[in-house]
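Hey, can you work out the whole structure from these sequences and the hints?
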Amino acid sequence: MYRYDEYDQRLVDERVAQFSDQTRRYLAGELSEDEFRPLRLQNGLYIQRHAPMLRIAVPYGLFSSAQLRKLAHIARHYDRGYGHFTTRQNIQFNWPALEKVPEILAQLATVQMHAIQTSGNCIRNITSDPYAGVAADELIDPRPWCEILRQWSSFHPEFAHLPRKFKFAVNGAEEDRAVIQAHDIGLDVVKNAAGEVGFRVLVGGGLGRTPIIGEEIAAFVPWQHIVTYCESILRVYNLHGRRDNKYKARIKILVKALGIEEFRRQVEAEWTFHKDGPSTLTAAEVARVAAHFVDPAYETLPATDVGYASLLAENKPFAAWVKRNVRAHKVPGYASVTVSLKKTGVPPGDITESQMDLLADLADAYSYGEVRATHQQNLVLADVRQSDLFKVWQTLRDAGLATPNIGLLTDIISCPGGDYCGLANAKSIPIANAIQERFDNLDYLYDIGEIELNISGCMNACGHHHVGHIGVLGVDKNGEEWYQVTIGGDQGNKAAIGKVIGPSFAAHEMPDVVTRLIETYLANRHEDERFVDTVRRIGIEPFKAHVYGNRQTEKKVAHA
Amino acid sequence: MPKVIRNRRVEDDARQIVRLAEGVTPETVSIPAGPVLVPLAVWQARTTELAARGDVGVWLDAAEGAELIAADLPKLAAVAVNFPAFTDGRGYSTAALLRTRHGYTGELRAIGDVLRDQFQAYVRCGFDTLQPNDGRYTDAQLEAAIASLGDFSVPYQGAVDEPRPLWARAQREVRAS
Ligand code: HEM
Ligand code: SF4
Chain C
1 MYRYDEYDQR
11 LVDERVAQFS
21 DQTRRYLAGE
31 LSEDEFRPLR
41 LQNGLYIQRH
51 APMLRIAVPY
61 GLFSSAQLRK
71 LAHIARHYDR
81 GYGHFTTRQN
91 IQFNWPALEK
101 VPEILAQLAT
111 VQMHAIQTSG
121 NCIRNITSDP
131 YAGVAADELI
141 DPRPWCEILR
151 QWSSFHPEFA
161 HLPRKFKFAV
171 NGAEEDRAVI
181 QAHDIGLDVV
191 KNAAGEVGFR
201 VLVGGGLGRT
211 PIIGEEIAAF
221 VPWQHIVTYC
231 ESILRVYNLH
241 GRRDNKYKAR
251 IKILVKALGI
261 EEFRRQVEAE
271 WTFHKDGPST
281 LTAAEVARVA
291 AHFVDPAYET
301 LPATDVGYAS
311 LLAENKPFAA
321 WVKRNVRAHK
331 VPGYASVTVS
341 LKKTGVPPGD
351 ITESQMDLLA
361 DLADAYSYGE
371 VRATHQQNLV
381 LADVRQSDLF
391 KVWQTLRDAG
401 LATPNIGLLT
411 DIISCPGGDY
421 CGLANAKSIP
431 IANAIQERFD
441 NLDYLYDIGE
451 IELNISGCMN
461 ACGHHHVGHI
471 GVLGVDKNGE
481 EWYQVTIGGD
491 QGNKAAIGKV
501 IGPSFAAHEM
511 PDVVTRLIET
521 YLANRHEDER
531 FVDTVRRIGI
541 EPFKAHVYGN
551 RQTEKKVAHA
Chain H
561 MPKVIRNRRV
571 EDDARQIVRL
581 AEGVTPETVS
591 IPAGPVLVPL
601 AVWQARTTEL
611 AARGDVGVWL
621 DAAEGAELIA
631 ADLPKLAAVA
641 VNFPAFTDGR
651 GYSTAALLRT
661 RHGYTGELRA
671 IGDVLRDQFQ
681 AYVRCGFDTL
691 QPNDGRYTDA
701 QLEAAIASLG
711 DFSVPYQGAV
721 DEPRPLWARA
731 QREVRAS
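Protein sequence lines, in the order shown, are assigned to chains C and H.
Position 384 of the first sequence, counting from 1, maps to 384 under our numbering, and the rest follow consecutively.
One rule links them: number in our numbering = place in the second sequence (from 1) + 560.
None of these hints come from the bench; they were simulated from the model.
Please note that a few of the clues may not be correct.
Derived contacts from chain C toward chain H, CB cut-off under 10 Å, selection only [unchecked claim]:
id : residue
1  : TYR7
2  : GLU14
3  : PRO38
4  : SER153
5  : ASN238
6  : ALA284
7  : ARG288
8  : SER310
9  : LYS391
Some chain C residues flagged as far from chain H (calculated, every beta-carbon gap over 12 Å) [said to hold, decoys possible]:
id : residue
10 : GLU99
11 : ASN121
12 : GLY208
13 : ALA309
14 : SER387
15 : ASP440
16 : TYR444
17 : ASN478
18 : GLY502
Here are the computed distance ranges between Cβ atoms for each label pair [as the list claims (entries may be wrong)]:
id : chain 1 : residue 1 : chain 2 : residue 2 : range
19 : H       : THR608    : C       : ALA193    : 53 to 63 Å
20 : H       : GLY710    : C       : ASP276    : 24 to 34 Å
21 : H       : LEU709    : C       : ALA506    : 33 to 43 Å
22 : C       : THR210    : H       : ASP632    : 34 to 44 Å
23 : C       : GLU99     : H       : ASP632    : 50 to 60 Å
24 : C       : ALA193    : H       : GLY710    : 20 to 30 Å
In this text, a Cβ means the ideal position worked out from N, Cα and C, and glycines have one as well.
Below, the structure written as structure tokens:
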């Protein structure tokens with residue numbers, strides 16, 4: 001993974017000094033609340049329901065065992081013993097004291113970490129494929145490009161106060177695992193017919209209150225020009241994005257207002273001035289950055305380990321876990337393990353300090369000291385030998401981290417919702433837990449197959465509910481918490497925004513609603529058809545009919 | 561006399577900023593003698609008269625793009641960009657465009673809600689003169705704020721003040737894992 005040189009380290013150290021002084025001036029009354037807000041947001045610090053919330057950057061989701069141990073340390077000493085992984089592959093702490101944040105940042109800086117640009121109206125942490133570098137379907141490793149863009153965007157002076165937040169995602173595999181179509185800028189690293197590397201650039205995607213799928217602005221930008229091209233997009237957005245209404249300030253609104261052709265024209269006009277300028281990338285720089293992402297010293301192993309194969313045959317729980325939580329690896333004899341942070345009863349994405357320490361140890365012993373965060377709020381040990389999988393499973397299982405549910409109904413993406421978030425209309429975590437409890441029968445869960453259920457506590461869509469096969473959105477009706485359900489949303493190559501099935505539900509109804517959606521699917525599916533594909537084929541009506549079937553009468557009774 | 565930070569030093573500055581009060585038109589607003597910065601609309605309404613003075617500069621508001629003043633740059637004693645709120649980042653791009661696209665080399669001043677925590681970003685985008693709102697900082701605070709111009713000693717990306725990105729101006733090693 002990327003290791004800091006003296007320059008990276010100096011910048012992060014200087015940021016700590018800068019923010020310490022800003023916090024001091026704020027506490028001394030030299031900086032007003034309004035003046036301090038954007039400064040703390042650019043350092044990942046929100047003021048939330050209970051306490052400040054600190055969001056720490058995990059650039060493109062990649063981090064080391066030493067960094068994970070440091071996060072455990074912070075959870076232990078500055079928080080309540082746990083952290084929360086987010087859909088931006090970052091981690092949040094919910095209870096740090098404001099006065100301690102400079103100290104936490106100083107601690108993070110000792111392990112090459114920070115909270116730079118994890119919040120606020122700036123370019124956010126860039127996300128990517130958690131299986132980058134190890135996925136069998138990878139065409140080009142996205143990580144060096146993520147790192148190049150990370151450096152370009154960090155403290156970019158021109159884009160420090162954009163109209164709104166700005167999110168990048170980069171994908172380099174056949175299957176898009178970075179949701180690039182739901183980002184302000186989505187980049188697909190591709191090769192053209194001549195075999196040259198470049199980028200397909202999407203722009204104007206995003207969720208929130210106006211969910212939009214991004215559009216292609218360029219089919220192929222040669223790699224040399226990707227920084228200047230992005231700079232051109234950002235400049236057009238910075239100058240012309242709306243600033244009068246924060247709900248209309250995202251680039252997606254500008255792109256829609258102008259139309260993609262006109263927006264492209266403006267960007268290309270801008271680009272004629274940047275193209276071939278000093279920020280044009282060189283092969284030497286790309287090679288320097290790429291050298292941080294060379295493969296570890298993999299051993300030459302048989303494609304299938306004999307001991308592993310026999311354990312798979314003998315041990316059903318192990319086999320179940322392998323089936324769901326272990327992915328094929330590009331190197332024979334290796335596999336990628338997805339560590340589930342979706343145990344029933346635990347808030348999705350939550351992890352305790354002792355679990356973090358344990359994972360750091362596992363990473364050191366079995367996965368070259370590296371860990372990855374997924375946007376589904378799980379973690380990954382990317383390079384595990386097949387022969388070690390059993391030991392890894394046992395250790396994870398004992399720590400409650402081996403729930404065999406990756407990609408299944410209980411692998412729920414959920415925002416923190418009303419339990420933590422000051423903006424929430426409704427709670428999210430208890431809904432996630434209630435659905436997990438209802439579907440705790442593994443055989444049934446396996447029969448349902450691949451499905452994504454995403455929950456957001458309000459229309460800001462932090463839980464990606466629009467792109468869930470089933471999406472749940474917390475809404476407020478006269479001060480009461482209700483839940484609106486969408487189906488047919490999808491992420492990945494066929495990204496789509498889900499459709500609302502009808503009037504919203506009370507919290508206690510949600511497990512039944514999901515049950516009825518699943519029943520409809522099971523009654524209608526073709527063999528090997530996923531839930532979302534059935535919705536695509538038959539439309540939402542049959543689902544609606546079954547979910548609301550006798551609800552009308554219930555309501556009448558309730559109102560009588 | 562107001563103080564500004566010019567080329568990293570605190571200096572007294574006599575240039576007055578003319579702002580259009582409610583009900584006053586660009587045609588009729590009275591413009592004091594001595595160096596001034598006038599709103600773009602005033603300049604446009606009275607270009608000949610103002611250009612003849614030789615000491616007049618123009619300030620652009622956040623929504624007024626650099627291209628609106630590009631042709632007149634040789635006639636101006638100074639250009640300023642107004643930040644109605646420090647969170648309105650359009651002025652950064654405007655400054656960058658004046659310096660790079662339009663080749664402006666004269667005084668470029670940031671005015672309005674100009675805060676010390678943004679000073680370095682302003683300078684990196686091409687401002688050479690920074691003028692916080694009257695009374696925002698004491699003289700001592702302004703002196704102290706000069707230090708924030710060096711908050712980041714080795715920025716990664718190119719900008720107006722140093723167009724080469726870090727990788728093009730420093731020998732960076734590879735620290736592979
Ligand atoms: C707890 C404090 C949080 C606050 C105050 C917060 C605030 C917001 C707001 C205001 C938006 C709307 C942006 C817009 O429409 O322009 C948003 C969007 C979003 N947030 Fe959060 N959020 C929080 C936590 C989280 C967490 C924990 C996650 C991940 C689990 C997350 C991921 C996202 C995502 C994915 C979006 C949608 C991005 C888009 O529209 O393109 N946020 N957040
Ligand atoms: S979706 Fe709403 S409730 Fe959930 S974290 Fe985001 S802002 Fe808070």
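Here is how each hint holds up against the structure:
Because the smallest distance between the Cβ of C/TYR7 and any Cβ of chain H comes to about 5 Å, under 10 Å, the interface hint for this residue holds. Checking C/GLU14 against chain H by beta carbon gives a least distance of about 5 Å; that is within 10 Å, so the hint holds. At about 6 Å, the closest approach between the beta carbon of C/PRO38 and any beta carbon in chain H falls short of 10 Å, and the interface hint on this residue holds. Hint status for C/SER153 relative to chain H: holds, with the closest Cβ pair at about 8 Å, below 10 Å.
Interface hint at C/ASN238: satisfied, since its Cβ lies 5 Å from the closest Cβ of chain H, which is below the 10 Å cut-off. Of the supplied interface hints, the one on C/ALA284 holds, with its beta-carbon coming within about 8 Å of a beta-carbon of chain H, less than 10 Å. Given the 10 Å rule on beta carbons, the hint for C/ARG288 holds: about 6 Å separates it from the nearest Cβ of chain H. This hint is violated: C/SER310 has a C-beta 34 Å from the nearest C-beta of chain H, more than the 10 Å allowed.
Look at C/LYS391: its Cβ only gets to about 23 Å from chain H, farther than 10 Å, so that hint breaks. Every CB of chain H lies more than 12 Å from the CB of C/GLU99, the least distance being 19 Å, so the non-interface label holds. The Cβ of C/ASN121 does not lie farther than 12 Å from every Cβ of chain H; its closest approach is about 7 Å, which violates its non-interface assignment. With a cut of 12 Å on Cβ distances, C/GLY208 stays outside the contact zone with chain H, its closest approach being about 19 Å.
For C/ALA309, the shortest C-beta to C-beta distance to chain H comes to about 31 Å, beyond the 12 Å cut-off, and the non-interface label holds. Every C-beta of chain H lies more than 12 Å from that of C/SER387, the closest at about 23 Å, which supports listing it as non-interface. Even its closest Cβ contact with chain H, about 40 Å, leaves C/ASP440 beyond 12 Å, as expected for a residue assigned away from the interface. Every CB of chain H is more than 12 Å from the CB of C/TYR444 (nearest about 43 Å), matching its label as outside the interface.
Every Cβ of chain H is farther than 12 Å from the Cβ of C/ASN478; the closest lies at roughly 34 Å, confirming the non-interface assignment. Remark: the non-interface label on C/GLY502 is consistent with the geometry, its nearest Cβ contact in chain H lying 40 Å away (cut-off 12 Å). For H/THR608 paired with C/ALA193, a C-beta distance near 58 Å keeps the hint of 53 to 63 Å intact. For H/GLY710 and C/ASP276, the Cβ-Cβ distance of about 31 Å falls inside the hinted range of 24 to 34 Å, so the restraint holds.
Checking the proposed 33 to 43 Å range against H/LEU709 and C/ALA506 shows it is violated: the Cβ atoms sit about 57 Å from each other. A beta carbon spacing of about 40 Å between C/THR210 and H/ASP632 agrees with the range 34 to 44 Å that was offered as a hint. Between C/GLU99 and H/ASP632 the Cβ separation comes to about 51 Å, which falls inside the hinted range of 50 to 60 Å. Distance hint check for C/ALA193 and H/GLY710: the Cβ-Cβ separation is about 48 Å, which falls outside the suggested range of 20 to 30 Å.
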